[in-house]
Each structure stands twice: as C-alpha cells, then as structure tokens.
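> Sequence:
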Amino acid sequence: MNYEQVYKNLITSRQKLNRVKTKEIYYESHHIIPKCFGGDNSATNLVLLTPKEHFFAHLLLAHFHIDEQKKKMVFALWMLCNKNSAKCSSRQYQQAKESFIKANKNKIVSIETKEKISKALTGIKRPFKKKKPHSSETKKKISEANLGRIVSEEGRKNISEAHKGQVAWNRGMTLSDEKKTKLNSDEAVEKRNKTRIENLKNKNYKNLKLAKPIIQLSLEGEFIQEFESIAQAKLILVKSRGLIDCLKGRKDSYNGYKFYYK
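Sequential numbering from 502 applies to the sequence shown in my numbering.
Any given hint could turn out to be false.
To be verified - Straight-line Cα separation of at most 25 Å, PhoX-like style, residue types lysine-lysine; simulated pairs:
1) Lys572 to Lys536
2) Lys536 to Lys553
3) Lys640 to Lys692
4) Lys598 to Lys608
5) Lys681 to Lys692
6) Lys536 to Lys509
7) Lys509 to Lys571
8) Lys665 to Lys598
9) Lys573 to Lys658
10) Lys713 to Lys752
11) Lys641 to Lys735
12) Lys680 to Lys665
To be verified - Across the chosen pairs, the derived CB separations fall in these ranges:
13) Ser754 to Arg650: 24 to 30 Å
14) Gly757 to Thr614: 47 to 53 Å
15) Thr614 to Ile567: 20 to 26 Å
16) Ile609 to Thr551: 34 to 40 Å
17) Thr675 to Pro552: 48 to 54 Å
18) Leu648 to Thr551: 49 to 55 Å
19) Ser637 to Leu684: 23 to 29 Å
20) Ser719 to Thr614: 54 to 60 Å
21) Glu723 to Asn607: 21 to 27 Å
22) Lys640 to Gly666: 29 to 35 Å
23) Ser686 to Gly666: 33 to 39 Å
24) Asn605 to Leu684: 35 to 41 Å
The set of hints was computed from the structure by calculation and includes no laboratory data.
Note that the coordinates shown come from a computational prediction; the quantities given were computed from them, not determined experimentally.
Just so you know, even glycine gets a beta-carbon here, dropped at the ideal spot from N, CA and C.
Throw the hints in and build the complete structure from the sequences for me.
In structure tokens, the structure reads:
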C-alpha cells in the first residue's frame, strides 16, 4: 500500500469540505506538513479532521516516513493516543505503543537535550508530583522487601545494555576534602556497618533459592566464620571485589583470609 498517497488523498478530500469548528461538531486541527519538518500554522497548512481521521492521519505519517523522521512521527502518534480526549481501539493502541518502543530502543539522550527538557519543564505543575509521599513505615517495608534481592545474569545483562552510552549521573562531580574525610572517618564507617548488619538480622537469607553458604578460613586453613549467603558476606565485609575473585578462583586469598562456597 502506498501510505503517502493515501495520506494525500485524505488531506485533499477533507480540505474540499471547508469545515468550520462549531459547538455541535468536534474537530481537531492537523498540520499537513508537521511542524517538526518545517510546517507552520498558516491556513494552507492546517486542516480540520475528526478525532478518528486525525489518528488515521498520524498513523499514515508514521508508516511512510523513515529513520529520524519516522521516530518523530511515531512519537507524535503516541502522544495523540495518550490525550485525554483521544479514543483508539486496543489494536491501534498496541500498534502505536510497539512502534514507540521500537523507535526509542537504545536511544541516547545528550546532556544538551536533557538541559533543554529540564529548562522547558521548569515552573510547570506536574500532577504526579502532588502524590502523597511514602511514609517512613512504607519506605521501611520496601527496603526490607528488596534487601538481599539477587538479580539474575539475564537481568544484569539487560540493565547493562539499557545503560550503555548513557552519561553517569555523578560524572564530573567532585567531593570536597572535608566531605571525603567525613565519609571515611571511623565513626561513619562503623555506623554504616552497624546499619547493614542490623538489616541482615531482620532478613532471612535462607529462604533465597540462589543463596549459597560461604566459609571464611585463615591462610592456615582454620575456620573463622560462615555466612548464609554472598549478600550477607558482602554487607559485613563491605568491600566485596576481592571476595568474589577469591570465590571464583581468580585469587588465592582476600584480605588475609580464604573464602569458599560450602
């Protein structure tokens, strides 16, 4: 099907009707040449369409454009589907949603674009920000529910792929010497360790299917202690990079001790 020709026929036929907005009949203004492609608000570039015709017009635009232009038209179609007044079938909604996801897959947003978005949204009231914040009790429940959660290899791979090419949120940020000293003080480290250990006591790691007990031995082979899982060992020992290397056989010992899966 020649989607571009169908679009032209739709626009031409509706222009000939010389429609006028009234209270009795609802019409929506449509830019024949989209504004993102240089179209303006002149009368020759606007046509009145019914909501159904408007949706169909944007569906056609998304079909016959390619590359970056297609992405823009898919986005416009998706925004049209999410308007309060818009009504589309489940099939049309699914088609728009799938096209929108495909167009935005692996999309990298530059710092400049993020700044423009931030500037454009400054001062705008957003309804979702009016939602009641979580109570301390709810936050605690969420924290306990996620404590010790083990992400599968497939899950980690998906997260890694999703973050590829993105700029780290703390890139370019530097801590003052005073802040570094405060974070590395014995008091701060002891407080963090105490909190982690207390959290562990309130969570039963034995119920985790993927949990494997870990044994800590001295260099001479004497038993030191046993951890119920690697999650528990990582929290108590704080630094876990060497621990994992030791468990995987890449290192013989870590921090003066040997570690093995039980």
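> Given the hint of 23 to 29 Å, is the C-beta distance from Ser637 to Leu684 inside that range or not?
Given about 24 Å between the Cβ atoms, the range holds.
> Do the beta carbons of Ser686 and Gly666 sit within 33 to 39 Å of each other?
holds, 37 Å
> Quick one, are Lys572 and Lys536 close enough, alpha carbons at most 25 Å?
holds, 14 Å
> Given the hinted pair Lys713 and Lys752, is their Cα-Cα distance within 25 Å?
With Cα atoms ~19 Å apart, Lys713 and Lys752 stay inside 25 Å; holds.
> Can you tell me whether the CB distance of Ser719 to Thr614 sits inside 54 to 60 Å?
holds, 55 Å
> Are Lys641 and Lys735 close enough, with their CA atoms no more than 25 Å apart?
OK: Lys641 and Lys735 at ~21 Å, within 25 Å.
> Quick one, are Lys536 and Lys553 close enough, alpha carbons at most 25 Å?
Between Lys536 and Lys553 the Cα gap is close to 21 Å, so the pair holds against 25 Å.
> Just tell me: holds or violated, for the beta carbon distance of Asn605 and Leu684 against 35 to 41 Å?
holds, 37 Å
> For the pair Lys640 and Gly666, does the Cβ-Cβ distance stay inside 29 to 35 Å?
The hint (29 to 35 Å, Cβ to Cβ) holds, given that Lys640 and Gly666 are roughly 32 Å apart.
> Is Lys681 close enough to Lys692, meaning Cα to Cα at most 25 Å?
Within the cut-off at roughly 16 Å; holds.
> Below or equal to 25 Å on CA atoms is what counts here, so check Lys598 against Lys608.
holds, 16 Å
> Given the hint of 34 to 40 Å, check if Ile609 and Thr551 actually sit that far apart at their C-beta atoms.
Holds: the Cβ-Cβ distance is about 38 Å, inside 34 to 40 Å.
Violation of the numbered hints given earlier is confined to hints 9, 12, 21; the remaining hints are satisfied by the structure.
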